[in-house]
Amino acid sequence: MNIGIIVFPGSNCDRDCAHVFSEVMGQASHLIWHQDTSVKGMDAIILPGGFSYGDYLRTGSIARFSPIMDAVAEFAGRGGMVLGICNGFQILLEAGLLPGVMLRNRALSFICEDAYVRVENADTPFTNQCKPGQVLRLPIAHADGNYFTDPVTLSALQANAQIVFRYCDRDGHVTSQANPNGSLDNIAGIRNSAGNVLGLMPHPERGAESVLHNEDGVTLFRSMLSALEKNKIRQPV
Amino acid sequence: MKVKIFVTLKNGILDPQGRAIQQSLQTLGFSTVEEVRIGKFMELDLNETNTASAENKIKSMCEKLLANTVIEDYRYEILET
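Top line first, the protein sequences correspond to chains A and B.
Note that the first sequence covers residues 65 to 301 in this note's numbering.
Note that the second sequence covers residues 15 to 95 in this note's numbering.
The hints are simulated quantities; they were obtained by calculation from the structure and are not laboratory data.
Glycine included, each C-beta is placed from N, C-alpha and C at the ideal position.
Hints may contain errors.
[What the hints assert, rightly or not] Sample of chain A residues lacking proximity to chain B, with all beta carbon distances greater than 10 Å (derived):
hint, residue
1, Leu121
2, Ser125
3, Leu172
4, Phe174
5, Pro196
6, Gln222
7, Asn224
8, Asp233
9, Asn256
10, Glu273
11, Glu279
[To be verified] Each pair of labels, with its calculated beta carbon distance range:
hint, chain 1, residue 1, chain 2, residue 2, range
12, B, Arg51, A, His83, 41 to 49 Å
13, A, Ser86, B, Ile27, 25 to 33 Å
14, B, Glu49, A, Arg286, 15 to 23 Å
[Said to hold, decoys possible] Derived lysine to aspartate or glutamate pairs resembling EDC-like cross-links, with alpha carbons at most 16 Å apart:
hint, chain 1, residue 1, chain 2, residue 2
15, B, Lys54, B, Asp87
16, B, Lys54, A, Asp119
17, B, Lys16, B, Asp87
18, B, Lys73, B, Asp59
19, B, Lys16, B, Glu48
20, B, Lys78, A, Asp134
21, B, Lys18, B, Glu57
22, B, Lys24, A, Asp214
So that you can see chain B by itself, here it is in the shape it has in the complex (with noise of 0.2 Å):
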């Protein structure tokens, strides 16, 4: 199955780089973005046919490696194939 990962800063952390490019855009004209924050989104292929054992290691993915839960939210899709 393929999985959808995606990993966001979490609210009120401030987000340097999503600010850059909200100015940036607002530079271009797009005058009515308001804000941007940038996150990250991986996609991976699990040799797994059980959902509910893919989520667990999803989970134990994302709150070991694939996301500071100091300053990061995960959430996941699973796209079945």
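One chain only, chain A, in its complex shape (with noise of 0.2 Å):
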């Protein structure tokens, strides 16, 4: 399979993911600079942690307007599977790819630890590998993880199933204690209606290989490429 990575300037991830998918999962990664405008060929497209634009302004609020962004909502658009991890999640947002906004983290600071979050939803294109209701254990890192939108939105996620992953503590009991930023609801992924977009907050890319002494991240990549061997959600180019 052919996945393309975003790189924005500022994206410090990309690498990460390039690595996961062409050294762990045996397939071809490819960079692409965000001032191109294509990504034909593309079976999946990644939008990689980082800090585009320096998080100047709002985080994701300028990359959004990047020259490539139209040809991944065209992508997304035509069911493509798309995937943002902590800033490109934030990135997602911002595009209108996904419903909903950042804050700052609720307690102002800047959190770098592993956290646990539950498969709330193990039927989507993303944790078709994972059992449902599985704790993973995931990096994260960000200062404005603090997910929030409008009540009739958050319904809406709730009703559709669209919250796929929420912080919870080991044992998977998801509490507020287990919740590292104040996200709403616990939210710590999400996906659109259509079910080929997904942001997190968590980066499967840094738990991803037995050398890092965490393979739980795997688990999403493998569940992508799953999906698209089935030709579930694959793009004729």
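Two chains, each in its own frame: build the complex with the hints.
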């Protein structure tokens, strides 16, 4: 499979994602510069973590106007699989490809630690290799991960099983104490209503190899490849 | 013309920075500070002479980029120069 990873000025997890797809998953990774205007030939698109445009104004607010984002939106509109990780999630929110916004973390501090998330929906192209309710340990590293949206949108997310990951404790209990950043409803990751766009704050690419003593993240990438192989939402180019 | 743009969090949106500053001011003895809200202030130089046209552009800038209207309000002042 051809995995396109968008590189914005200030992205810093682009090569990590490329490494995981190339070296761990045995796929073809392609780094795509934000000034490019096409994602032709790609089977899936990753918006990686980092600090695009220095997080100026609001996280993701400037990156969403990068020339490549029209092609990404069009790819997503055709049903193409798009995964946004951390800053990539923030960009998807600003671009309107996912609903809601990120506020500053409740405690104001940048948080860099392992978090536990519960798989709330294992029937997505990004989680089909997970068990429902499975607890994953994934690194988080962000200052603006406090997910917020209006009550109507939150109800829709809940009703349509669009909340894919929620922060929980080691045993899978979704509690306020297990919420690292104050996120509404302990939201760590959501998908769009069509199901082909997912954003999450944790970094699965930082926990996808035994050498890192954490392979929980690899289940997301296995899920994506499985979905692509089944041709469920693979894009003819 | 010069334009001043103010972007502020909507009422009801938690503002942890504002709260931290309010607490800090309280600690400094400014005990009458009941609330602090953080916002952004931007100053633009616009090469425009028509105020109506400038206003349309400013609104569009705010809606598209300068404010995220899910959580933020904006207002502006046009200073004729």
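Those earlier numbered hints the structure runs against, lowest number first: 1, 2, 3, 13, 14, 17, 19
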